[in-house]
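*Asks:* Which chain is which? The protein sequence lines are A and B, in order. In the working numbering, each residue's number is its place in the first sequence (first place is 1) plus 559. In the working numbering, each residue's number is its place in the second sequence (first place is 1) plus 93.
Please keep in mind that the hints were generated in silico from the structure rather than gathered at the bench. Certain hints may be false.
Claimed, not checked - A few chain B residues that don't get close to chain A, going by computed Cβ distances all over 12 Å: (1) G116; (2) P210; (3) T245; (4) T246; (5) G253; (6) M257; (7) G318; (8) V328; (9) R337.
Stated by the list, open to error - What follows is a set of in silico ranges between Cβ atoms, one per label pair, in the way DEER data are often shown: (10) R263/B <-> R682/A: 16 to 26 Å; (11) E688/A <-> V336/B: 50 to 60 Å; (12) G168/B <-> A651/A: 28 to 38 Å; (13) R170/B <-> S590/A: 50 to 60 Å; (14) K854/A <-> P238/B: 54 to 64 Å; (15) R708/A <-> W133/B: 45 to 55 Å; (16) R709/A <-> T306/B: 44 to 54 Å; (17) R581/A <-> V185/B: 48 to 58 Å; (18) D587/A <-> V148/B: 54 to 64 Å; (19) G669/A <-> W293/B: 18 to 28 Å; (20) K854/A <-> R165/B: 55 to 65 Å.
What the hints assert, rightly or not - Cβ-to-Cβ under 8 Å is the rule here; a few derived chain A residues that face chain B: (21) F591; (22) L650; (23) R654; (24) S670; (25) L673; (26) I681; (27) R777.
Glycine is no exception: its CB is placed at the ideal position from the N, C-alpha and C atoms.
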Amino acid sequence: MSSPVSAPLFSLRGLRARFEGRTVLTVDSLSFEEGVVTVLVGENGSGKTTLLRLLNGLIAPAEGCVEFRGKPVAGEGLAAREGRLAAREGLAAVRRESVLVHQSPLLFRGSVGLNVGYGPRIRGARRAEAAARAAEALRRVGLPGFERRRASALSGGEEQRVALARALALSPRVLLLDEPTANVDEESRRGIEAIIRDVSAAGTTVIMSTHNMELAYRLCDRLLRLDDGVPAEVEENILKGRIAGIDDQFAYFRTGNVVIRCPARQGDFAVAVLPCDELILSRLPLDSSARNQLKGIVTEIRPLGTLMLAVVDCGVPLKALITRQSAAQIGVAPGAACVVTFKASAVRLH
Amino acid sequence: MTTPWAASNCSRRTPCVRSRATGVLGRAFELLVSGDREVWFITWTSLRFSLSSAVIACIPGIPLGVLIALRRFRGRRVLLAVLTSLMALPTVVVGLIVYSLVSRAGPLGSFGILFTPRAVILGQAILALPIVVSMTASGLSGLDPLFPEVLTTLGASRGGVLWMSVRQARGAVLSASLASFGRVVGEVGVAMMLGGNIRWYTRTITTAIALETSKGEFEQGIALGIVLIVMALGVNAVLHWMVRHE
């Protein structure tokens, strides 16, 4: 077995999860690295919540296994006797280091302080320590001094933030969030986004699901799409950066040491999204209407469905979808130089 | 078979049949306020039996109800339906069954508990159990199905989940306990068949009323009836108060 240092935080193999006789999640192989914000997107019923519950060891898969830091949390290892012990260890580790915040806040009857202090208390903290942790967690979610309020008298956005504070009071290494902004207004959504950013900056690994693509693009280090319970490659380039300038025609978005032209829009954008099928690869610069032309080196090419996915390093890695025929014709292969062309209007800013 | 019914001693009273109703009521109230030892002993016996049996039923009943409410398992609906029907279990049937178990020839006859408080409490606890389980389960059905999971992810053990669920639904759990008390305090069948209505021993309010009425002596019956009604109303008032304050 690999050492705990090099093992990914979570790794899933040959996983099948069933719900009421229906397979809701099928994962051949998937891993989550430490310190990364992973955002899960997909339709309702695509298996996002199931995946989060599996990672937290709240449900067991029908087949396959989930490993946390190299130790099985649940799955095939369970059958064997020694496997059961390892699974207990794995589950204990998951319980110790990670916590899931459900989509609906599900606060307990009583005060906010009771809610937020519950986790530390049940894990053996003394009353005073639990209260201190609750106060700190409430401060982090922007609700300082809310301890004595009744949980039933909070607004929707406050409830969601208290639910978040209840998890943060445990100082988790891994925070699992199921649609944290599903039931809140725009202002609360921004607040929650800031909290997640802050939590991630403090070194906590975040794995969250959402329907809000804007939020997904802005927060993710990695975007994972679930299609009917199967993880699928996201066919978009998600470029983090900032607006370097703007004129009457274009906004200039700087990512790494590359500047790309985007449709002129006012706003505090942090992400540019560029669909992989909007990129044209050529050997020589094209004489065209497209306003972005970047020179780069092909670093990787692999099949994706019936097409090929080429990764071109233009200062930032850009993924492009091309047909096999065109890949062969223009000689797209690792190490080959090429030009990436795309229209400014293909870029969406978030 | 000898009936263990002890003869009632009411020689100091005049026959009641000819008294006017107000006279009977008046004497009943007199019995209550004058602190007639027997009336209050019977009241105390009733309370003791009912409280004991309700508590004994709650000890397994509440956790069972919580488990049925929170777990999803095969046959759960059938179990709930059966429990709900058992809430209307005829008292004389429970009396009959327990009687056949604890009578001298029965499998538990060697314990010799027939016509003792233990037999009454056992029978009444059996009556109360389905009420506690069923009402706890239905009371907790209002909890979100994800509630146990929220507790688990925060670090609660199974026992912790159970305890917190009871705390969350404490109104429902208290109602269940009080309803079971209400059921057993007013029943006659079990108390009569298993207790035998033995004076200064197993005579409860209900068995005493039955006996006094059959003898045509109404004062003590009415006095005890008033106590019983006050108890029943009191339990109901507490129930209503709790439901309103939950």
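*Asks:* Can you let me know if the beta-carbon spacing of D587/A and V148/B is within 54 to 64 Å?
*Replies:* Holds, at about 56 Å.
*Asks:* Holds or violated: is the Cβ of S670/A closer than 8 Å to a Cβ in chain B?
*Replies:* Hint on S670/A: violated, closest Cβ of chain B at ~13 Å, above 8 Å.
*Asks:* If you check the beta carbons of G168/B and A651/A, does the distance land in 28 to 38 Å?
*Replies:* holds, 32 Å
*Asks:* Is it true that the C-beta distance of K854/A to P238/B lies inside 54 to 64 Å, as the hint says?
*Replies:* Cβ of K854/A to Cβ of P238/B: about 56 Å, so the range 54 to 64 Å holds.
*Asks:* Taking the closest Cβ pair, is F591/A under 8 Å from chain B?
*Replies:* Constraint on F591/A not satisfied, violated at 17 Å.
*Asks:* Could you let me know if the closest chain A CB is still more than 12 Å away from the CB of P210/B?
*Replies:* holds, 38 Å
*Asks:* Would T245/B pass as off the interface with chain A, using Cβ distances and a cut of 12 Å?
*Replies:* violated, 6 Å
*Asks:* Verify the interface restraint on L650/A: the C-beta must sit less than 8 Å from at least one C-beta of chain B.
*Replies:* violated, 10 Å
*Asks:* Can you let me know if the beta-carbon spacing of R170/B and S590/A is within 50 to 60 Å?
*Replies:* Once the Cβ atoms are compared, 41 Å apart, the range 50 to 60 Å for S590/A and R170/B is violated.
*Asks:* For M257/B, is the shortest beta carbon distance to chain A beyond 12 Å?
*Replies:* The claim is violated: M257/B sits with its nearest Cβ about 7 Å from chain A, within 12 Å.
*Asks:* Does the hinted range 55 to 65 Å hold for K854/A and R165/B at CB?
*Replies:* For R165/B against K854/A, whose Cβ atoms are near 60 Å apart, the range 55 to 65 Å holds.
*Asks:* Take a quick look at G253/B and tell me if its Cβ sits farther than 12 Å from every Cβ on chain A, holds or violated.
*Replies:* Nearest chain A Cβ is 6 Å from G253/B, so the label is violated.
Checked against the numbered hints listed earlier, the structure breaks hints 3, 4, 5, 6, 11, 13, 19, 21, 22, 24, 25, 27; every other hint is satisfied.
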